[in-house]
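Required output: the full structure, derived from the provided sequences and hints.
There are 2 protein chains.
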Amino acid sequence: MDSQESPEFYRDQSPEEANKADLEVIDYITKIDPTYNIVSPILTPRFAPSCTHQSMKWMGDLMKKHNNIPCQTHISENENEIKWVQELFPDSKSYADVYDQAGLLTERTILAHAIHLSEDEKDLISARRSGISHCPISNSSIGSGLAPVRSLLNKNIKMSLGTDVSGGYSPSILEVCRQALTVSRLVGYTTKNDKDKLSVSEVLFLATLGGAQVCNLEHKVGNFQVGKKWDAQRVDLSVENTPIDLFDWYGAEEPTPESKIKWFVDKWFFSGDDRNTRQVWVDGNLVLDKD
Amino acid sequence: MDSQESPEFYRDQSPEEANKADLEVIDYITKIDPTYNIVSPILTPRFAPSCTHQSMKWMGDLMKKHNNIPCQTHISENENEIKWVQELFPDSKSYADVYDQAGLLTERTILAHAIHLSEDEKDLISARRSGISHCPISNSSIGSGLAPVRSLLNKNIKMSLGTDVSGGYSPSILEVCRQALTVSRLVGYTTKNDKDKLSVSEVLFLATLGGAQVCNLEHKVGNFQVGKKWDAQRVDLSVENTPIDLFDWYGAEEPTPESKIKWFVDKWFFSGDDRNTRQVWVDGNLVLDKD
Numbered sequence: 001m002d003s004q005e006s007p008e009f010y011r012d013q014s015p016e017e018a019n020k021a022d023l024e025v026i027d028y029i030t031k032i033d034p035t036y037n038i039v040s041p042i043l044t045p046r047f048a049p050s051c052t053h054q055s056m057k058w059m060g061d062l063m064k065k066h067n068n069i070p071c072q073t074h075i076s077e078n079e080n081e082i083k084w085v086q087e088l089f090p091d092s093k094s095y096a097d098v099y100d101q102a103g104l105l106t107e108r109t110i111l112a113h114a115i116h117l118s119e120d121e122k123d124l125i126s127a128r129r130s131g132i133s134h135c136p137i138s139n140s141s142i143g144s145g146l147a148p149v150r151s152l153l154n155k156n157i158k159m160s161l162g163t164d165v166s167g168g169y170s171p172s173i174l175e176v177c178r179q180a181l182t183v184s185r186l187v188g189y190t191t192k193n194d195k196d197k198l199s200v201s202e203v204l205f206l207a208t209l210g211g212a213q214v215c216n217l218e219h220k221v222g223n224f225q226v227g228k229k230w231d232a233q234r235v236d237l238s239v240e241n242t243p244i245d246l247f248d249w250y251g252a253e254e255p256t257p258e259s260k261i262k263w264f265v266d267k268w269f270f271s272g273d274d275r276n277t278r279q280v281w282v283d284g285n286l287v288l289d290k291d
Numbered sequence: 001m002d003s004q005e006s007p008e009f010y011r012d013q014s015p016e017e018a019n020k021a022d023l024e025v026i027d028y029i030t031k032i033d034p035t036y037n038i039v040s041p042i043l044t045p046r047f048a049p050s051c052t053h054q055s056m057k058w059m060g061d062l063m064k065k066h067n068n069i070p071c072q073t074h075i076s077e078n079e080n081e082i083k084w085v086q087e088l089f090p091d092s093k094s095y096a097d098v099y100d101q102a103g104l105l106t107e108r109t110i111l112a113h114a115i116h117l118s119e120d121e122k123d124l125i126s127a128r129r130s131g132i133s134h135c136p137i138s139n140s141s142i143g144s145g146l147a148p149v150r151s152l153l154n155k156n157i158k159m160s161l162g163t164d165v166s167g168g169y170s171p172s173i174l175e176v177c178r179q180a181l182t183v184s185r186l187v188g189y190t191t192k193n194d195k196d197k198l199s200v201s202e203v204l205f206l207a208t209l210g211g212a213q214v215c216n217l218e219h220k221v222g223n224f225q226v227g228k229k230w231d232a233q234r235v236d237l238s239v240e241n242t243p244i245d246l247f248d249w250y251g252a253e254e255p256t257p258e259s260k261i262k263w264f265v266d267k268w269f270f271s272g273d274d275r276n277t278r279q280v281w282v283d284g285n286l287v288l289d290k291d
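Chains as they are written, first to last, in the UniProt record's numbering: chain A, 1 to 291; chain B, 1 to 291.
Heads up, a few of these hints could be off.
Which copy? The list can't say, so a pair holds if one copy fits it or any two copies do.
The calculated SDA-like cross-link candidates involving lysine to any residue, where the alpha carbons are at most 20 Å apart (straight line), are [unchecked claim]:
1. Lys229 with Ile38
2. Lys192 with Trp84
3. Lys267 with Val165
4. Lys195 with Asn80
5. Lys192 with His116
6. Lys260 with Asn276
If you are wondering where the hints come from, they were derived from the structure by calculation, not from laboratory data.
What follows is the structure, given as structure tokens:
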């Protein structure tokens, strides 16, 4: 963050100072966890307007040299920002192209928001295998617009969910799931195309394996495939005096085993909260136990 | 609901049967609570497409005769519905006019949704002193659009909030408040006018005194004015292990007594849930006590 556009309290003294600080953090984390098994450094140019091309290019070169260092930044969050980027980088073809010219669009790059991308930008991001973090609560709260998730999925772009607190108001990924569904229904309203509406299972995919793919961790986590780490929570739907027990189960029809599972998942998706999470495991270790 | 457009399981046999059933319910409730102090009947034509003009006119006449009977129905929830109403009532000037021709736009009428009203319809509803129940979660979940609440408030229309479960997924008015704010920010994005964004206190007004006004109960409830009923909840923000204690209080600055209150309210508004509600009084009676 060395650009004059960055507020002073947020600005690096020079590109050299910024690079030096980056390397110090990478060194520090590498000493603690050499294989980045638990904690990894991540290059974080806040977004294009707060950085010079020089400093972004330095980060892109670093990513080329170290094939285990990821990068995260914002892209195309709101319309004024897009105009600003075009003014600051007049030689770029697009916002995505600014990052691409710096070598920052890689398969290890996570782009937050991505609300107003052109078709060319979507194609470019897809070709580079970069991932997108969809942050529906933040987007709606800030009034940035409605991210067209289906159009990004259709381009085979890796997609995940993010909270972007405190742009958004909730740190809960379950709440983000609900709002991702809600936002996709408003996208469908806007485009008059029901195919733009996401299903509950599609949203839960974004929250699990989608997230793993965006972080390039899908070989380790993201679902219950044999050989992956046991990252799991036990959800209990019989918790009393919470929003989940306000309505009856099932519809008028007698449930089948399949419809019952769908009901359980839908019920948790729409009415569940942290009270239903009774136990949490990370890499096989029980890290939260409420029972 | 006597129109042939209504699904059969939902349809009255004839207007006469419908009227008879209405009068029976009104009679039954009037015997239990003659002044409608605790429970009141409410005429509920589901919405214009499910009723004939004849049966709506009968309800309008009944409202004229009995000046204590209210009415609730939907209006202008989505665009296909509006076209449908125009086809079914070709002599009407608008959806609102269908109700007005039947005598159903009164100061005792509550209209749910009101997303796509024309300026003329807003003027008519305002002139008739009818109220609107804004149901943001339902509207977003169904993908019906974004109700332009500011434009309705600017017309001096009485406005309240509703859940419309299970069009919406949550029976919590606090959750509806959050989504009313969120939706208004997306309205502001769409119109490019920040004035369309509601504030926290405006949304809380809709949830309290606004609701009382729409129900014509503002002389009895809706705020803490001396002489009104003690309808209140005690909110405790120190409840532990809930979303409310995840972040620090206040900002970087030392809080003033005024900023502290604003912080308390904002914190509850954005992170609170039923766990923070420790006691509830209705008309001075403690009806829920968790302590």
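Hints versus structure:
1. Lys229 with Ile38: For Lys229 and Ile38, only the intra-copy Cα distance (12 Å) is at most 20 Å; the inter-copy one is 57 Å.
2. Lys192 with Trp84: between (30 Å within a copy, 17 Å between copies)
3. Lys267 with Val165: Result: close only across copies, 14 Å inter versus 25 Å intra.
4. Lys195 with Asn80: Answer is between; shortest inter-copy Cα gap is 18 Å, intra-copy 29 Å.
5. Lys192 with His116: Both: 18 Å inside a chain and 15 Å across chains, each within 20 Å.
6. Lys260 with Asn276: within (18 Å within a copy, 32 Å between copies)
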